[in-house]
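Chains A and B supply the protein sequences, listed in that same order.
So for the first sequence, the working numbering puts the first residue at 1; every next one is plus one.
So for the second sequence, the working numbering puts the first residue at 513; every next one is plus one.
FYI, nobody ran anything at the bench for these hints, they're computed from the structure.
Idealized CB from N, CA, C, for every residue including glycine.
Be aware that one or more of the hints could be misleading.
From the structure, some residues in chain B lie toward chain A, with a derived Cβ separation under 7 Å [claimed, not checked]:
1) V652
2) P690
3) I694
4) P730
5) Q746
6) G752
7) A867
8) N868
9) G872
10) P918
11) S920
12) P945
13) L969
14) H1009
15) V1023
16) T1024
Here are the computed lysine to any residue pairs in the SDA-like style, where the Cα-Cα straight-line distance is at most 25 Å [claimed, not checked]:
17) K667/B with A146/A
18) K40/A with E748/B
19) K874/B with K362/A
20) K362/A with H693/B
21) K362/A with D691/B
22) K40/A with H693/B
23) K362/A with E748/B
24) K874/B with P212/A
25) K362/A with G350/A
26) K874/B with Q237/A
27) K362/A with E725/B
28) K596/B with P178/A
29) K362/A with Q749/B
2 protein chains.
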Amino acid sequence: MNEQPRTVRMHPRDNVAVVLNDGGLPAGTALPGGPVLREKVPQAHKVALSDLAPDDEVLRYGVVIGRAARAIPAGSWVHERLLKMPDARPLEGLPIANAVPPLMPPLEGYTFEGYRNADGSVGTRNLLAITTTVQCVAGVLDVALARIRRELLPKYPHVDGVVGLEHGYGCGVAIDAPDAHIPIRTLRHISLNPNFGGEVMVLSLGCEKLQPERLLPPGSIPIGGEGSGHVRLQDEQHVGFASMVDAVLATAERHLARLDRRRRETVPASELVVGVQCGGSDALSGITANPAVGACTDLLVRAGATVMFSEVTEVRDAIDQLTARAATPAIAQQMIDQMAWYDAYLARGGSDRSANTTPGNKAGGLSNIVEKAMGSIVKSGSAPIAGVLGPGEKATTRGLLYAATPASDFICGTLQLAAGMNVHVFTTGRGTPYGLEACPVVKVATRTDLARRWHDLMDLNAGRIADGEASIDEMGMELFRLLLDTASGRRTWAEHHGLANGLVLFNPAPVT
Amino acid sequence: MNEQPRTVRMHPRDNVAVVLNDGGLPAGTALPGGPVLREKVPQAHKVALSDLAPDDEVLRYGVVIGRAARAIPAGSWVHERLLKMPDARPLEGLPIANAVPPLMPPLEGYTFEGYRNADGSVGTRNLLAITTTVQCVAGVLDVALARIRRELLPKYPHVDGVVGLEHGYGCGVAIDAPDAHIPIRTLRHISLNPNFGGEVMVLSLGCEKLQPERLLPPGSIPIGGEGSGHVRLQDEQHVGFASMVDAVLATAERHLARLDRRRRETVPASELVVGVQCGGSDALSGITANPAVGACTDLLVRAGATVMFSEVTEVRDAIDQLTARAATPAIAQQMIDQMAWYDAYLARGGSDRSANTTPGNKAGGLSNIVEKAMGSIVKSGSAPIAGVLGPGEKATTRGLLYAATPASDFICGTLQLAAGMNVHVFTTGRGTPYGLEACPVVKVATRTDLARRWHDLMDLNAGRIADGEASIDEMGMELFRLLLDTASGRRTWAEHHGLANGLVLFNPAPVT
Chain A
1 MNEQPRTVRM
11 HPRDNVAVVL
21 NDGGLPAGTA
31 LPGGPVLREK
41 VPQAHKVALS
51 DLAPDDEVLR
61 YGVVIGRAAR
71 AIPAGSWVHE
81 RLLKMPDARP
91 LEGLPIANAV
101 PPLMPPLEGY
111 TFEGYRNADG
121 SVGTRNLLAI
131 TTTVQCVAGV
141 LDVALARIRR
151 ELLPKYPHVD
161 GVVGLEHGYG
171 CGVAIDAPDA
181 HIPIRTLRHI
191 SLNPNFGGEV
201 MVLSLGCEKL
211 QPERLLPPGS
221 IPIGGEGSGH
231 VRLQDEQHVG
241 FASMVDAVLA
251 TAERHLARLD
261 RRRRETVPAS
271 ELVVGVQCGG
281 SDALSGITAN
291 PAVGACTDLL
301 VRAGATVMFS
311 EVTEVRDAID
321 QLTARAATPA
331 IAQQMIDQMA
341 WYDAYLARGG
351 SDRSANTTPG
361 NKAGGLSNIV
371 EKAMGSIVKS
381 GSAPIAGVLG
391 PGEKATTRGL
401 LYAATPASDF
411 ICGTLQLAAG
421 MNVHVFTTGR
431 GTPYGLEACP
441 VVKVATRTDL
451 ARRWHDLMDL
461 NAGRIADGEA
471 SIDEMGMELF
481 RLLLDTASGR
491 RTWAEHHGLA
501 NGLVLFNPAP
511 VT
Chain B
513 MNEQPRTVRM
523 HPRDNVAVVL
533 NDGGLPAGTA
543 LPGGPVLREK
553 VPQAHKVALS
563 DLAPDDEVLR
573 YGVVIGRAAR
583 AIPAGSWVHE
593 RLLKMPDARP
603 LEGLPIANAV
613 PPLMPPLEGY
623 TFEGYRNADG
633 SVGTRNLLAI
643 TTTVQCVAGV
653 LDVALARIRR
663 ELLPKYPHVD
673 GVVGLEHGYG
683 CGVAIDAPDA
693 HIPIRTLRHI
703 SLNPNFGGEV
713 MVLSLGCEKL
723 QPERLLPPGS
733 IPIGGEGSGH
743 VRLQDEQHVG
753 FASMVDAVLA
763 TAERHLARLD
773 RRRRETVPAS
783 ELVVGVQCGG
793 SDALSGITAN
803 PAVGACTDLL
813 VRAGATVMFS
823 EVTEVRDAID
833 QLTARAATPA
843 IAQQMIDQMA
853 WYDAYLARGG
863 SDRSANTTPG
873 NKAGGLSNIV
883 EKAMGSIVKS
893 GSAPIAGVLG
903 PGEKATTRGL
913 LYAATPASDF
923 ICGTLQLAAG
933 MNVHVFTTGR
943 GTPYGLEACP
953 VVKVATRTDL
963 ARRWHDLMDL
973 NAGRIADGEA
983 SIDEMGMELF
993 RLLLDTASGR
1003 RTWAEHHGLA
1013 NGLVLFNPAP
1023 VT
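Between the sequences and the hints, there should be enough to build the whole structure, so can you do that?
This is the structure in structure tokens:
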């Protein structure tokens, strides 16, 4: 092996380092200024820098990620079976808004080409969305969508596409249960996503629990009458299947005609609403891609944009850092409330935050949720936390927001869409072909090997940081520019291939 | 109005009757041998046959469906606001297997043309199913499915289609939570549905929580190696997006070639595994379509087939009738256990069985869940209950089974597919264009008006019972014959139009 051994230590207090070399490092490798490896250590995995006695604290990011389950000599591979996970940090006695970062200098002059909406928001795509109240209508909608794509879209070349907002909610659910407001407001707010241009069109059945008036408050759609954006399949005028599909097409065409008249215009970067997320993480996520996203987040916040980070179980173990960074005590308290709600939700189902890590995380070097969380929150950069959104809430302030969502990639993405996201950033170490129909998803690889194999799925290779070819700040700026280009219409790889995942709603209430 | 007034009283003790006439009956109508209507009563709604004092019991099906909220004079419309709902029947002290119906005479000589499988089950369709471990792969699968339909299916004309078993489960979920076995076994058993011919093909990502080995126990699929039915996107041999899609196509083609050699053969009706369900119910459901299904259920059971009825919240209020009908005390106890589990599940989410009824049910004349349940269990006919399945379990015995599922149409259908359903019967009064890709769905209308308007969506009109044109037994036999024809390959209206709803998993465990 000719390659120089490369490892990274995240904090001066750390007693483990992470191997950066593709393919890992063999036994016998002498680390510069460190121990000789006692065994092979895979890429992205940890090596002990000093001898650890049983129960000694293991530190990464300057944070205790666990205690040694037995004696671990220096140069050993510190895998997850050698670490005892710490208990969850109590939600009492946390530091509250006592380390609010100073305001960063504004970043001016950056713009993108977007679609201005009547409500002041800006779209990055010009899409017709068809909202559904219930799964019952999905079969009819799919037939209609195929016809819209074939027969109508060619006539409206300024429209980027049509999206069916299908889901499993709407009926057969405890719609008056305490937590039912979460899926309902999620669907409502997705319908109002800036990429849909305010052209809300609803397809409903008729007898379902989630009536259109409940989904969308009165006034937001003109149900019935001329120019209606609402088709209800059980209405008596529908005789035969074709009449249903024809009604969907006729209504869709009215919306398409209006959408087709829209044009992109130059708008400031402050109109971006960026959701950041990671999925299929490995130990490099916290070293390459997530820090690059964090640097980009800082640029976005400096430019006046909105950035949301999310994933309750992946910030839970870093809650003390985040409450300290909250802009105000009220915001810190909102964060604590979201953590407490989720703790209770998991406990109700006989689970806790440790359910988060996956086999792939562990194979990728992430020993437990504490270590994963420390690498996850790096995406939030260094700005003050300016607001907190409950699941399904819509963002109304700018700056860095914490959008409390499950860590499930699809539930998180769905909730960020509801919050008003117009560009999505997704980092991955293990690799996932994630995509959304409603919003462009910029995928960032944590390692060069993945970026090379998935050359037409990954939009950016942050593995170059591990390779020593780019700094974190350089990658952050590159991502920032890529987001502006993407917002202006540059297609992501997922869009190029037509890759899109389904919406997955967060419904903590029962089904009936 | 020239039409004779027609009403039905379900039981001699009943003090309400249901209006059958299309369009209802106007005020002033004299019911034969009954009161004069004091107001207009819509079709499928109830009229008081005698004066009711406040708190008097209101009886339908010979069962108390509520108490009068105020004085209700004879001839009044008894709508849901006039009924106080009874408390849930306690699960202690129920009659246990003390009214087991006598064995019905066997029904011999009925057959259908099906696909025999190696495991002894029989398919009614010859479908390639592609099982997925996680939503992450759905985008790639959709691209592959489009190519399979375009490029491969024309080469294999004896294959009816390809089904992507996509879902929101697999990662971002508390996979070790106490209730996580439900979604996992559901997906496992759906993969083994008789309509898929035992050709299990799996598409996985690599790092997800639901590893293929966990989804399908060792031995059920040959992962890796020659003839493998498994494609894993993160495997190192996949370089570039096209190589992933090509791998899916190559694997699919091996399965298609084997499926294409299969032919239908004559099998006894006892090979049917019928799931019965109702959705979008009205008060006629319990008078026309559901009794017709009940008569058909009896024919199926007499022919040695398997019939599953389901929907916990729609049988909960009739639990005493069902435990009495259970073939053994052990089966009665299993029913009680399922009710108790669901009561606790709903309570955990701050809800109860009353969350079941929909605005459409109420508009259709069903005042509350007690009345709805009495009309729902009629689908089970009159045979002894021979077994109970927990959600996601696979049927292993014949006869009449209670498959405990939520009442949500799509969750119930998904769980009945997991149980091994090869034909689905779905009754509806309000109307729903329900369909499944994996299994033919025979839709039965409760009223002629719906059957007329939805003439190419409803497969059978049980409204003819209300019209006095057919008896319940005649409709039951007609449905029985239609099921045999459908099982033999006759297309349902949903299949004709390509109408299919998505799978919706029942996951009572938390997401992370």
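Now the hints, each set against the structure:
no.: 1; hint: V652; result: 5 Å, holds
no.: 2; hint: P690; result: 4 Å, holds
no.: 3; hint: I694; result: 12 Å, violated
no.: 4; hint: P730; result: 16 Å, violated
no.: 5; hint: Q746; result: 5 Å, holds
no.: 6; hint: G752; result: 5 Å, holds
no.: 7; hint: A867; result: 4 Å, holds
no.: 8; hint: N868; result: 5 Å, holds
no.: 9; hint: G872; result: 2 Å, holds
no.: 10; hint: P918; result: 5 Å, holds
no.: 11; hint: S920; result: 2 Å, holds
no.: 12; hint: P945; result: 5 Å, holds
no.: 13; hint: L969; result: 6 Å, holds
no.: 14; hint: H1009; result: 6 Å, holds
no.: 15; hint: V1023; result: 5 Å, holds
no.: 16; hint: T1024; result: 5 Å, holds
no.: 17; hint: K667/B with A146/A; result: 24 Å, holds
no.: 18; hint: K40/A with E748/B; result: 20 Å, holds
no.: 19; hint: K874/B with K362/A; result: 52 Å, violated
no.: 20; hint: K362/A with H693/B; result: 22 Å, holds
no.: 21; hint: K362/A with D691/B; result: 24 Å, holds
no.: 22; hint: K40/A with H693/B; result: 37 Å, violated
no.: 23; hint: K362/A with E748/B; result: 18 Å, holds
no.: 24; hint: K874/B with P212/A; result: 17 Å, holds
no.: 25; hint: K362/A with G350/A; result: 22 Å, holds
no.: 26; hint: K874/B with Q237/A; result: 22 Å, holds
no.: 27; hint: K362/A with E725/B; result: 17 Å, holds
no.: 28; hint: K596/B with P178/A; result: 23 Å, holds
no.: 29; hint: K362/A with Q749/B; result: 22 Å, holds
The structure does not agree with the numbered hints 3, 4, 19, 22 stated previously, though it agrees with the rest.
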